[in-house]
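Modelling step: build the complete structure from the supplied sequences, incorporating the hints.
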Amino acid sequence: MSANYAPPGLAYSAQVGRQMTVITINFAFSGMAAPLVALLLWSARRRHFKLATYWVALLCALLLFVASFLNGPDMYWGPVYHRPIPLAFDVVIGAINFLLPWLADLNVTLRLLIFYPLKRTSFRTLAAVFGLPLAIKLARFAMIVWYINLYTEVERGAHHGDREAQAKLANVPGPVYAEFALQILDNLWGSGILIYRLRSFLFNHYSVVGEASTVGGANRHRFLTIQSKLKNALHVAVLSCILPVGSCIALAVTSAQKNFDALNSVDAVHYGICTVNILIAQLLPMLYHPEHSSFDPQTRFIKTKNLSTSPGSSRSGRTPQADEADMHVLTTLDPVEELDLPSQTRQEDLELQQSRDTAPSLRKNSEHSHKSLLGTMQYGQTFNKSNLSESSFPRHPAAAHGTSSSTQL
Numbered sequence: 001m002s003a004n005y006a007p008p009g010l011a012y013s014a015q016v017g018r019q020m021t022v023i024t025i026n027f028a029f030s031g032m033a034a035p036l037v038a039l040l041l042w043s044a045r046r047r048h049f050k051l052a053t054y055w056v057a058l059l060c061a062l063l064l065f066v067a068s069f070l071n072g073p074d075m076y077w078g079p080v081y082h083r084p085i086p087l088a089f090d091v092v093i094g095a096i097n098f099l100l101p102w103l104a105d106l107n108v109t110l111r112l113l114i115f116y117p118l119k120r121t122s123f124r125t126l127a128a129v130f131g132l133p134l135a136i137k138l139a140r141f142a143m144i145v146w147y148i149n150l151y152t153e154v155e156r157g158a159h160h161g162d163r164e165a166q167a168k169l170a171n172v173p174g175p176v177y178a179e180f181a182l183q184i185l186d187n188l189w190g191s192g193i194l195i196y197r198l199r200s201f202l203f204n205h206y207s208v209v210g211e212a213s214t215v216g217g218a219n220r221h222r223f224l225t226i227q228s229k230l231k232n233a234l235h236v237a238v239l240s241c242i243l244p245v246g247s248c249i250a251l252a253v254t255s256a257q258k259n260f261d262a263l264n265s266v267d268a269v270h271y272g273i274c275t276v277n278i279l280i281a282q283l284l285p286m287l288y289h290p291e292h293s294s295f296d297p298q299t300r301f302i303k304t305k306n307l308s309t310s311p312g313s314s315r316s317g318r319t320p321q322a323d324e325a326d327m328h329v330l331t332t333l334d335p336v337e338e339l340d341l342p343s344q345t346r347q348e349d350l351e352l353q354q355s356r357d358t359a360p361s362l363r364k365n366s367e368h369s370h371k372s373l374l375g376t377m378q379y380g381q382t383f384n385k386s387n388l389s390e391s392s393f394p395r396h397p398a399a400a401h402g403t404s405s406s407t408q409l
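In UniProt numbering, the protein residues as written are 1 to 409.
Treat the hints as calculated values from the structure; they're not laboratory data.
Note that the coordinates shown come from a computational prediction; the quantities given were computed from them, not determined experimentally.
Built from N, CA and C at the ideal position, the CB exists for glycine as well.
Among the hints, a few may not be true.
Here are the computed distance ranges between Cβ atoms for each label pair [claimed, not checked]:
id : residue 1 : residue 2 : range
1  : Ala128    : Ile148    : 19 to 25 Å
2  : Pro175    : Thr121    : 31 to 37 Å
3  : Ala262    : Leu185    : 20 to 26 Å
4  : Lys119    : Val145    : 30 to 36 Å
5  : Trp55     : Leu132    : 22 to 28 Å
6  : Phe141    : Val66     : 18 to 24 Å
Here are the computed lysine-lysine pairs in the DSBU-like style, where the Cα-Cα straight-line distance is at most 35 Å [as the list claims (entries may be wrong)]:
id : residue 1 : residue 2
7  : Lys137    : Lys231
8  : Lys119    : Lys137
9  : Lys119    : Lys231
Right under this line is the structure:
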C-alpha cells in the first residue's frame with residue numbers, strides 16, 4: 001500500500017462517499033452533455049455552424065462531457081488502486097472548472113451582436129456595450145491562469161506526500177472570490193443588456209407597428225409568429241441570467257464556509273449549470289429562430305433601419321411613413337425562413353432558392369415590358385392626335401365658311 005494514503009476505515013469511507021457524490025453529479029451532467037452535443041451537431045445541417053456562438057456552445061458541451069468523466073478520478077485511480085492520480089488530470093480538471101463558466105459568459109456576450117452588429121453600430125456604442133464585458137473577461141482569464149498555477153503547485157505537493165497541500169485550497173484566496181464577483185457582474189451585464197434590448201424591441205416597436213390593423217390573412221399570422229418567437233427569446237434570456245448567477249452566489253457562499261468537500265460538489269453543479277445554460281440560452285433560440293441566436297450577416301431584423309425605438313416614448317419621433325415601411329418589411333419576410341420548417345427536403349430548398357433568384361429578374365423584366373407597353377401606347381395616342389389635327393384630306397366647303405353641312409342643306 002502506498003504511504004500517501006491512509007488505511008481503510010471510517011475516514012476512508014467518508015472520503016469515498018464524498019467522492020461518489022461528486023462523481024454522481026458529474027455523471028448526471030454528462031447525461032445532459034451527450035444530447036447537447038448531438039443537438040448541436042444536428043443543428044449544423046441547417047447551416048448554424050456559421051454562427052459564432054455555435055462553436056462556443058459546441059466547445060462547452062465537449063468540455064463538459066470530458067470533465068464529467070475526469071472529475072473525481074481519485075475514486076478509481078487513487079484509493080482503489082493505491083496509486084496517485086496523474087498530475088495532468090488534476091490540472092485539466094481544475095482548468096475546466098473555471099474555463100466552462102468563462103466560455104458560457106463569452107457566449108452571452110457574443111449574443112449581444114444580435115442587436116449591436118459591428119458594421120452598423122458606432123464605435124462609441126460598441127465601446128459602451130462591449131468594453132466592460134471584454135475587460136471583465138480579460139481579468140477573469142488572468143485569474144484563471146493564476147489559479148491553475150496555484151492548483152498545480154498544490155497538487156504537486158500532494159503527489160509528493162504533503163498532506164497539508166490539499167487543505168490550502170480549502171481556504172479560498174481573495175482572487176478566487178474576485179473571480180466569483182466578476183462572473184456575477186459579467187453575466188448580469190451581458191444578460192441584462194440582452195433582456196433590455198429584447199424587451200424594448202418587443203414591447204416598444206411592436207406596440208407601434210401592431211396598431212396597423214390593416215394587416216390580415218397570412219401576413220397577420222406571420223406577424224404574430226414573429227412576435228411569439230421574440231417572447232420566447234425574452235423568456236430564455238431571463239432564465240440564462242438567473243441560473244448561472246444563482247449558482248455562482250451559491251458557490252461563493254459555500255466557499256466562505258471553508259468546507260472543501262462541499263465546495264467540490266457545488267463546483268461540479270456550478271460548471272454543469274453554466275454549460276446547461278448553453279442549452280437553454282443558445283440552442284433553443286437557434287432552433288426556434290436562427291436570427292435570434294448569434295451574429296448573422298444576413299440578420300434582417302437589424303438591417304431594416306434598427307426597427308426598435310428608444311425607451312420612454314411610444315414613437316420617439318418616428319413618422320407614419322417609417323412605421324409603414326417597417327411593417328412592409330416585417331410582413332414580407334419569407335414565411336419558410338421565418339417558420340423554419342423542418343419538413344423541407346434539400347430538393348425543395350434548391351427549388352425555393354432558384355425561385356428566389358429568378359424572381360428579381362422576372363420582376364425587372366415585367367416592369368421593363370410594362371414601361372415599354374406604356375411608352376408604345378403614349379406614342380400611339382400622340383401620333384393619332386397629330387394625324388387628326390393636321391390631316392392632309394380636303395375640308396368640306398361649309399366647314400371653311402364656319403357653317404355646318406346641315407345648315408347648307
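Structure-based check of each hint:
1. One distance hint, 19 to 25 Å for the beta-carbon pair Ala128 and Ile148, is violated here, with the actual separation near 32 Å.
2. With their beta carbons about 34 Å apart, Pro175 and Thr121 fall inside the hinted range of 31 to 37 Å.
3. For Ala262 and Leu185, the hinted distance range of 20 to 26 Å is satisfied, since their beta carbons lie about 24 Å from each other.
4. Checked against the hint of 30 to 36 Å, the C-beta distance between Lys119 and Val145 comes to roughly 33 Å, which is consistent with it.
5. Against the hinted window of 22 to 28 Å, the Cβ-Cβ separation of Trp55 and Leu132 comes to about 24 Å, which satisfies the hint.
6. Checked against the given bound of 18 to 24 Å, the beta carbons of Phe141 and Val66, roughly 20 Å apart, stay inside it.
7. A C-alpha spacing of about 29 Å is found between Lys137 and Lys231, which places the hinted pair at or below 35 Å, so the restraint holds.
8. Taken as a hint, the Lys119 and Lys137 pair is honoured in the structure, with Cα atoms around 23 Å apart against an allowance of 35 Å.
9. Note on Lys119 and Lys231: the hinted pairing holds, with a Cα-Cα distance of about 26 Å set against a maximum of 35 Å.
In the structure shown, a violation is registered for the earlier hint numbered 1 alone.
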